[in-house]
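J.: Residue numbers for the sequence shown follow the numbering used here, so the first one is 1 and each next one is one higher.
Derived from the structure by calculation, the hints contain no laboratory data.
None of these values were measured; they are calculated from a predicted model.
Misleading hints may appear alongside valid ones.
As the list claims (entries may be wrong) - Computed spacing ranges between beta-carbons, pair by pair:
| id | residue 1 | residue 2 | range |
| --- | --- | --- | --- |
| 1 | SER51 | ASP118 | 30 to 38 angstroms |
| 2 | PRO101 | ALA27 | 20 to 28 angstroms |
| 3 | GLY17 | SER44 | 18 to 26 angstroms |
| 4 | ILE5 | GLY97 | 22 to 30 angstroms |
| 5 | VAL138 | SER44 | 18 to 26 angstroms |
| 6 | HIS115 | SER11 | 31 to 39 angstroms |
Ideal Cβ placement from N, Cα and C applies to all residues, glycine included.
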Amino acid sequence: MDLRIGCVGYSYDFWVGPFYPRHTPQADFLRLYSKVFDLVEIDSTFYTIPSPGTIRSWRDSVPESFLFAAKFPRFITHENALRPTQESLDRFFGSIGELRPKVATLVVQLPPFLHHDDGRDRLLAFLDGAPRDYRYAVEFR
């Protein structure tokens, strides 16, 4: 069994003192976090597609064995209610693909307005069309 332990995010200023040493620059948060945990959920991908520089920074800040879980952007899951355009999927997978060997799972956060009657069918259709070389997790709201 491969058991990983991590948190949703690592970039919290209020962790300075209790978790990160005092006066730790934010640029060092992930590197220090990865000395304690071996996985983190990247919640920021829900709000925006990360730049190539951000992806490189994440990848280069952690040990080889460290893994990421990344949320699908809200414009895929919420604004388009799991019926995204191919262009938006290509943008997301093009970006996150740069992190691919370190991606443990991609998280589909379901919008609260998506009800069981058509939500199940949308989710199944979405996952059926998703690339097979990733693992997926579903977060119900």
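J.: If a hint holds in the structure, say so; if it doesn't, say that too.
T.: Hints, verified against the model:
1. Checking the proposed 30 to 38 angstroms range against SER51 and ASP118 shows it holds: the Cβ atoms sit about 35 angstroms from each other.
2. Separated by about 23 angstroms at the C-beta atoms, PRO101 and ALA27 satisfy the suggested range of 20 to 28 angstroms.
3. Range check, GLY17 to SER44: about 23 angstroms between beta-carbon atoms, so the 18 to 26 angstroms window is met.
4. Hint check: ILE5 to GLY97, Cβ distance near 26 angstroms, so the stated range 22 to 30 angstroms holds.
5. Between VAL138 and SER44 the Cβ separation comes to about 19 angstroms, which falls inside the hinted range of 18 to 26 angstroms.
6. Between HIS115 and SER11 the Cβ separation comes to about 33 angstroms, which falls inside the hinted range of 31 to 39 angstroms.
In the structure shown, no violation is registered for any of the earlier numbered hints.
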